[in-house]
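Visitor: Next come the chains, spelled out residue by residue.
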Amino acid sequence: MFVLVNGKAYPFPQSGTLAALLRSLSPLAPFAVALNEEFISQGTYENCLVHPNDRIDIVHPTAGG
Amino acid sequence: MERQAIQDELILYGRRFTSRLLLGTARYDSPSLLADAIGVANPALLTVSLRRQLSGSKESGESFWNLLRETNRTLLPNTAGCLSAHEAVKTACMGRELFQTNLVKLEVIGDELNLQPDPFGLVEAAMELVKLGFHVLPYCTEDWILCRRLMDAGCEALMPWAAPIGTGQGPRNPRALRELRQRAPQIPLIIDAGIGLPSHACQVMEWGFDGVLLNTAVSRANDPVQMASAFANAVRAGRGSFLAGPMVAQETAVPSTPEIGRPFADAQLQSPRSIDSALDPRLPVQALV
Chain A
1 MFVLVNGKAY
11 PFPQSGTLAA
21 LLRSLSPLAP
31 FAVALNEEFI
41 SQGTYENCLV
51 HPNDRIDIVH
61 PTAGG
Chain B
1 MERQAIQDEL
11 ILYGRRFTSR
21 LLLGTARYDS
31 PSLLADAIGV
41 ANPALLTVSL
51 RRQLSGSKES
61 GESFWNLLRE
71 TNRTLLPNTA
81 GCLSAHEAVK
91 TACMGRELFQ
101 TNLVKLEVIG
111 DELNLQPDPF
121 GLVEAAMELV
131 KLGFHVLPYC
141 TEDWILCRRL
151 MDAGCEALMP
161 WAAPIGTGQG
171 PRNPRALREL
181 RQRAPQIPLI
191 IDAGIGLPSH
201 ACQVMEWGFD
211 GVLLNTAVSR
221 ANDPVQMASA
231 FANAVRAGRG
241 SFLAGPMVAQ
251 ETAVPSTPEI
261 GRPFADAQLQ
271 SPRSIDSALD
281 PRLPVQALV
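In the order they appear, the protein sequences are chains A and B.
Our numbering applies: residue 1 is where the first sequence begins, and numbers increase by one.
Our numbering applies: residue 1 is where the second sequence begins, and numbers increase by one.
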């Protein structure tokens, strides 16, 4: 199956957790995550299931005004 | 007589700051310029944001994060670009986890041309964020009703604009801004956006605003570091003026040098005064010298 990570298709096995997906992506820390446009707190990654075509946003610190 | 120094601090949600300048971190030509500008401006807070990882960007990533940490400043994550309350709340939650702070500069934009805050979305988002334990600093307009609603929602500081973001126009509506200051004397009011010159910053501080948040006016100056220093001085000067209590402006000229004892004064009179009247013993000695 595929999920959308920051707008790009990414192959991911069926019935995986968000924690597993993040381990496979290895984003640079620090980061924060939204699944299908809902914020997912760090402490719940292991319990959060990712389904086909889910949209995952991974964000990092950036400059802002 | 030696005057006792008065501790003049900006207090936001119980946090105390000696500086009244808040500085944005965007649009600098290089990270070193940003670091130097922060060094000379000595800002109370640094505004930051969050975005998807941008490869090759000098304004994000590990080096940017390390730069922020080395400044040892309080960070103020924003919700820049959010067009709805729901989006802003989600972004604020992500920012809280990313930057480990419950402070948030709340932006809900209602018009993409002039980046004017959406008053309805702003109040809705502020209410929700306060419930979630955030310390909300909303970027708003100077509209009194909006400001009142934001205070009712639990905001303990407000950040009205001077002019649209990034324009550098300076205060567009001085009268309304000053009225807002008068009507909300207790709550910290920080002018956010639209400041272009140190004189703009000084002006609003003289009106009694508690601080100034700016970004582009420094980062897009020819010499951002020198401009950061100029703004820091301007904010201090304006605050000092406000605390000192400026004189009341007069309609007509009032001589500052004493009139009494002016030499040759008698020669300019239509009917010359006698030597006796010039030496009137009732005049104080000082006035005759």
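The hints are simulated quantities; they were obtained by calculation from the structure and are not laboratory data.
Positions of the beta carbon are idealized from the N, C-alpha and C atoms, including for glycine.
One thing to keep in mind: the hints can contain errors.
What the hints assert, rightly or not - Derived DEER-like restraints, expressed as beta-carbon distance ranges:
id	chain 1	residue 1	chain 2	residue 2	range
1	B	132	A	6	23 to 29 Å
2	B	220	A	47	42 to 48 Å
3	B	164	A	11	41 to 47 Å
4	A	37	B	66	40 to 46 Å
As the list claims (entries may be wrong) - Below, a sample of chain B positions facing chain A; criterion: calculated Cβ distance under 10 Å:
id	residue
5	168
6	172
7	175
8	215
Visitor: Hints first: check each against the structure and report whether it holds.
Guide: Going through the hints against the structure:
For residue 132 of chain B paired with residue 6 of chain A, a C-beta distance near 25 Å keeps the hint of 23 to 29 Å intact. Remark: the range hint 42 to 48 Å for residue 220 of chain B to residue 47 of chain A is upheld by a beta-carbon distance near 46 Å. A beta carbon spacing of about 44 Å between residue 164 of chain B and residue 11 of chain A agrees with the range 41 to 47 Å that was offered as a hint. Distance hint check for residue 37 of chain A and residue 66 of chain B: the Cβ-Cβ separation is about 30 Å, which falls outside the suggested range of 40 to 46 Å.
Look at residue 168 of chain B: its Cβ only gets to about 12 Å from chain A, farther than 10 Å, so that hint breaks. Contact between residue 172 of chain B and chain A, as hinted, is not supported at the beta carbon level, the nearest pair being about 18 Å apart and thus beyond 10 Å. Annotation: interface hint on residue 175 of chain B violated; nearest CB of chain A at approximately 26 Å, more than 10 Å. At its closest, the beta carbon of residue 215 of chain B sits 3 Å from a beta carbon of chain A; the interface hint therefore holds under the 10 Å criterion.
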